[in-house]
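*Asks:* Chain residues, written in single-letter form:
Protein chains: 4
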Amino acid sequence: MAPRTTARADRRTQERTKSERWQTALTAIGPNKILIRGYPVDEMMGRLSFADAVYLLLMGELPTPAIGRMLNAILVSSLDHGVTPPSTLAARNVATSGAPLKDSVAAGVLAFGPHHGGDIESCMRFLDRGLAITREGRSIQEAAAALADECVEDGIVPPGFGHRFHTRDPRAARLFQMALELELEGEHVRLLRALEHALEGRRDKMDRPLPVNVDGAIAAISADLGFAYDLGNAVFLISRLPGLIAHAHEERTRQAPMRQIDPKDHVYDGSPERRLPQGRK
Amino acid sequence: MAPRTTARADRRTQERTKSERWQTALTAIGPNKILIRGYPVDEMMGRLSFADAVYLLLMGELPTPAIGRMLNAILVSSLDHGVTPPSTLAARNVATSGAPLKDSVAAGVLAFGPHHGGDIESCMRFLDRGLAITREGRSIQEAAAALADECVEDGIVPPGFGHRFHTRDPRAARLFQMALELELEGEHVRLLRALEHALEGRRDKMDRPLPVNVDGAIAAISADLGFAYDLGNAVFLISRLPGLIAHAHEERTRQAPMRQIDPKDHVYDGSPERRLPQGRK
Amino acid sequence: MAPRTTARADRRTQERTKSERWQTALTAIGPNKILIRGYPVDEMMGRLSFADAVYLLLMGELPTPAIGRMLNAILVSSLDHGVTPPSTLAARNVATSGAPLKDSVAAGVLAFGPHHGGDIESCMRFLDRGLAITREGRSIQEAAAALADECVEDGIVPPGFGHRFHTRDPRAARLFQMALELELEGEHVRLLRALEHALEGRRDKMDRPLPVNVDGAIAAISADLGFAYDLGNAVFLISRLPGLIAHAHEERTRQAPMRQIDPKDHVYDGSPERRLPQGRK
Amino acid sequence: MAPRTTARADRRTQERTKSERWQTALTAIGPNKILIRGYPVDEMMGRLSFADAVYLLLMGELPTPAIGRMLNAILVSSLDHGVTPPSTLAARNVATSGAPLKDSVAAGVLAFGPHHGGDIESCMRFLDRGLAITREGRSIQEAAAALADECVEDGIVPPGFGHRFHTRDPRAARLFQMALELELEGEHVRLLRALEHALEGRRDKMDRPLPVNVDGAIAAISADLGFAYDLGNAVFLISRLPGLIAHAHEERTRQAPMRQIDPKDHVYDGSPERRLPQGRK
Chain A
1 MAPRTTARAD
11 RRTQERTKSE
21 RWQTALTAIG
31 PNKILIRGYP
41 VDEMMGRLSF
51 ADAVYLLLMG
61 ELPTPAIGRM
71 LNAILVSSLD
81 HGVTPPSTLA
91 ARNVATSGAP
101 LKDSVAAGVL
111 AFGPHHGGDI
121 ESCMRFLDRG
131 LAITREGRSI
141 QEAAAALADE
151 CVEDGIVPPG
161 FGHRFHTRDP
171 RAARLFQMAL
181 ELELEGEHVR
191 LLRALEHALE
201 GRRDKMDRPL
211 PVNVDGAIAA
221 ISADLGFAYD
231 LGNAVFLISR
241 LPGLIAHAHE
251 ERTRQAPMRQ
261 IDPKDHVYDG
271 SPERRLPQGR
281 K
Chain B
1 MAPRTTARAD
11 RRTQERTKSE
21 RWQTALTAIG
31 PNKILIRGYP
41 VDEMMGRLSF
51 ADAVYLLLMG
61 ELPTPAIGRM
71 LNAILVSSLD
81 HGVTPPSTLA
91 ARNVATSGAP
101 LKDSVAAGVL
111 AFGPHHGGDI
121 ESCMRFLDRG
131 LAITREGRSI
141 QEAAAALADE
151 CVEDGIVPPG
161 FGHRFHTRDP
171 RAARLFQMAL
181 ELELEGEHVR
191 LLRALEHALE
201 GRRDKMDRPL
211 PVNVDGAIAA
221 ISADLGFAYD
231 LGNAVFLISR
241 LPGLIAHAHE
251 ERTRQAPMRQ
261 IDPKDHVYDG
271 SPERRLPQGR
281 K
Chain C
1 MAPRTTARAD
11 RRTQERTKSE
21 RWQTALTAIG
31 PNKILIRGYP
41 VDEMMGRLSF
51 ADAVYLLLMG
61 ELPTPAIGRM
71 LNAILVSSLD
81 HGVTPPSTLA
91 ARNVATSGAP
101 LKDSVAAGVL
111 AFGPHHGGDI
121 ESCMRFLDRG
131 LAITREGRSI
141 QEAAAALADE
151 CVEDGIVPPG
161 FGHRFHTRDP
171 RAARLFQMAL
181 ELELEGEHVR
191 LLRALEHALE
201 GRRDKMDRPL
211 PVNVDGAIAA
221 ISADLGFAYD
231 LGNAVFLISR
241 LPGLIAHAHE
251 ERTRQAPMRQ
261 IDPKDHVYDG
271 SPERRLPQGR
281 K
Chain D
1 MAPRTTARAD
11 RRTQERTKSE
21 RWQTALTAIG
31 PNKILIRGYP
41 VDEMMGRLSF
51 ADAVYLLLMG
61 ELPTPAIGRM
71 LNAILVSSLD
81 HGVTPPSTLA
91 ARNVATSGAP
101 LKDSVAAGVL
111 AFGPHHGGDI
121 ESCMRFLDRG
131 LAITREGRSI
141 QEAAAALADE
151 CVEDGIVPPG
161 FGHRFHTRDP
171 RAARLFQMAL
181 ELELEGEHVR
191 LLRALEHALE
201 GRRDKMDRPL
211 PVNVDGAIAA
221 ISADLGFAYD
231 LGNAVFLISR
241 LPGLIAHAHE
251 ERTRQAPMRQ
261 IDPKDHVYDG
271 SPERRLPQGR
281 K
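If you read the protein sequences in the order shown, they are chains A, B, C and D.
1 is the number of the first residue of the first sequence in the working numbering; add one for each residue after it.
1 is the number of the first residue of the second sequence in the working numbering; add one for each residue after it.
1 is the number of the first residue of the third sequence in the working numbering; add one for each residue after it.
1 is the number of the first residue of the fourth sequence in the working numbering; add one for each residue after it.
Hint data in this document are derived by calculation from the structure and do not stem from the laboratory.
Some hints here could point you the wrong way.
In this list, chains with the same sequence are indistinguishable; a pair is considered to hold if it fits within one copy or across any two.
[Said to hold, decoys possible] SDA-like cross-link-like pairs, simulated, lysine to any residue; straight-line CA separation at most 20 angstroms:
no. : residue 1 : residue 2
1   : 205       : 260
2   : 264       : 46
3   : 205       : 153
4   : 33        : 165
5   : 264       : 198
6   : 264       : 186
7   : 264       : 84
Assemble the whole structure, with the sequences as input and the hints as a guide.
*Replies:* Okay, here's the thing in structure tokens:
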């Protein structure tokens, strides 16, 4: 007989209030007053960056300046990845039908499935499973080795590792560097990096190298910052939304309607590579 | 015979490239390299705020520091507005069915219809219609008076004015104050304010006062910054996305599934009103 | 009991109740009882076809047998159109991300924009504009000539005419044949056919032939049946939904995840052409 | 250490072709020719009911007349359930924002989460788990008893049982009656009914009675007909789509925009209860 997990049983794993009353702790609205987590929104405007305000709304308290900088960097990291992600293609296929921009965005959001963005949540859970091993008295290196052996044995690509295009994801490297500099590195980041090292050591047993990708880095840092699993994916969603908007807008303004969109057949005609001005922060 | 505008004719109003080739100017992807509008994304991380990066992606060039601050404030302004907006209720009704968080978000985005967020685009177009009058040699005050007379005569609430809850929208006031201080006020803002003044002068001919709301302020400032009409709505979309996420997450974690969601029946149990710490920028 | 507004009247005016009260005339739910437009749903099951029941729900009364047959044929006509429509590609791009099947379907629905399915509503409005000419005492042929001249002069493709692939849409031909046989042809169908004839007569002044397509046929027949404008599009939506489902399901079960979907690069490996068995109705 | 199933591992459970080539077996498009599963669509129109055509598209072959009647009844069964389902409320909340009808429909589809419609797939899997017991040589009654004991012991409501409103779901009863009459009852239906009987026998150990609901009946019959798990949910989706459309249309035409939608505060003003005309087979 198969394991007895049913959908109904799964539902139980979410903790919920017993109360039937609808309680909300996010935003209080009064006449001419909007309090987000207790702070007047007009007072927040001009004093908090958008990333700071997002942290406040999702987590309930103001971020430290270091966390604010980290979250800005995370949100910048996944802003866009060109025309080939399925979410971008879903958004452009909706745009070519002449639908409103928000419809393109909604379709793009729906394409953030388990294989695309969803890896953040999977990786957060995977790392917590590894950290459970350390709670039993083993080191992070030992936990990483156990996870790596398991992946090699089962032929599994762990969530947060590998990339379709990149052999070394520059966004992951930068996020880890910032986490270190801002003294925000915690056990999830340490385990992820130990796991990357352990996988490198088993390179001969794997089809291809499996470097940490940006999803893995966001997952580990978000977990260290205390984000809930599904908010890890939400961070990616906030980050990529402007990318979906930019592609939908470009499709609407530069291409003929009802065209056949082949992701391999495009030409980049934008700015050549350039550097940020020195004075820029 | 009715006017001959057909859907097909409307489509023509969008300019499009003649080329059949797919050209994109947003993001170039190479091995281990991601260039957004020409800048390496890993160089942007830590040096640009998320709002700066959004401006770069949508507009093609880096914002000035003043524009960056303005955009941060705009994005903060509409972060959330409690449980009653239709978008929030759509998101929560999806969440109560046990659907993934991203599905709630997509449903919320779909509720940003013409009456909800869509006012930004309508207001941008409305202001440009007023400014067309000034191109004919009349003053901004005269254009505002003409628009106000038109609204009063037709019994129309102009887009960007009036609010279900607020008689004076604190977000609009703060946005105008910042636009003034940052020297970003342009003719759209001036016309909008002149129009508000003109409507006040016709108060006896209207059912209710029509103060400028946050949509109007975002519309005027976005237009002054040079955003395309549909990107005005997109700015609202980026701003409110975290609100949709926060409500969907709260619904999933605090409420019983499959409940009947009555927007009038909720209790706020979050932080009492508080002030930002002095040191906070 | 409120006056029984007909769908046709709704279409023309879209009047709204002044009442703040929420009134609904669709379905009444009681303990162990579900009444759709007054009929117990369990009594409908086995006695009404799905198409009959759809008509009842949308229009308020049972269809005649002829209308039921016509609606079944309309719903079959647009069931699927292969892999190239933007809606199908949006659905498949969502499916390749591993998202739930319903998310693929929702994304596909969003791609039914003005250029894709939306032509039905545009065509219904276009035909009503032509019929307004006949109300002024001119014949259907004269109205068709006026519309055709207008299209030729403005270089406009009228909604419901022309097709990316087909020079003679077999679905339109069959729908017209059935409307004739079932004695359901009305003035919208007659005007549409007169317009097709008028356009043929101006062939030398147009880039390409513009035969009636399936959208045009659905629009004219739906209008003759009294459907409101947006319900014309809804009929297409109901018809194509199984197509979206079938493609999403096929993508999930036959293709590797996170693939790059190029609409021009596919192979048909299904059943060869075959005929329905003789006995089949 | 927790069980080692990861999201990546789960992905493996779907069988996929090894081929990188995109193969499709649904619809072949040629000039002026549309073949669905090999049959010309214009030949299908007028000879197949919509339900027949849906079966053909999803399953690959024509249904027998009995299966066609059964599927028509299944599709009618869940056509609408009034204003209170979350999907209906999501659709109406989108409609009140002034968004296009298809946006309301997409939002409604997104609310078909695990607790709403999703039960069909869960129930199909649950029944297959029970049937696995019979493969080991035990009777359907013994399998039902084992499942019932498990549910009682774990305090679990099995998928397909219980209803928010109904103590005896009239749609389930009618579906079972038709399956019997049409000689389509198979082992899934027999197990479901045995399980209902077994649960009744344990009534004293449960909070409330758990009669089979319409989701359970659809699940069992769909499974007996050979539908894949996710196509079970898809059948519900096709069935309810017209309900979403009808509610979105009614919201747009009868209610003021931007209203607060309280599911408990509505008045039914439609047709009183009535019977189908005798002649109506």
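*Asks:* Evaluate each hint against the coordinates.
*Replies:* Quick rundown of the hints versus the structure:
no.: 1; hint: 205 with 260; in the structure: neither (41 angstroms within a copy, 28 angstroms between copies)
no.: 2; hint: 264 with 46; in the structure: neither (43 angstroms within a copy, 32 angstroms between copies)
no.: 3; hint: 205 with 153; in the structure: within (9 angstroms within a copy, 45 angstroms between copies)
no.: 4; hint: 33 with 165; in the structure: between (48 angstroms within a copy, 9 angstroms between copies)
no.: 5; hint: 264 with 198; in the structure: neither (35 angstroms within a copy, 42 angstroms between copies)
no.: 6; hint: 264 with 186; in the structure: neither (40 angstroms within a copy, 42 angstroms between copies)
no.: 7; hint: 264 with 84; in the structure: both (8 angstroms within a copy, 16 angstroms between copies)
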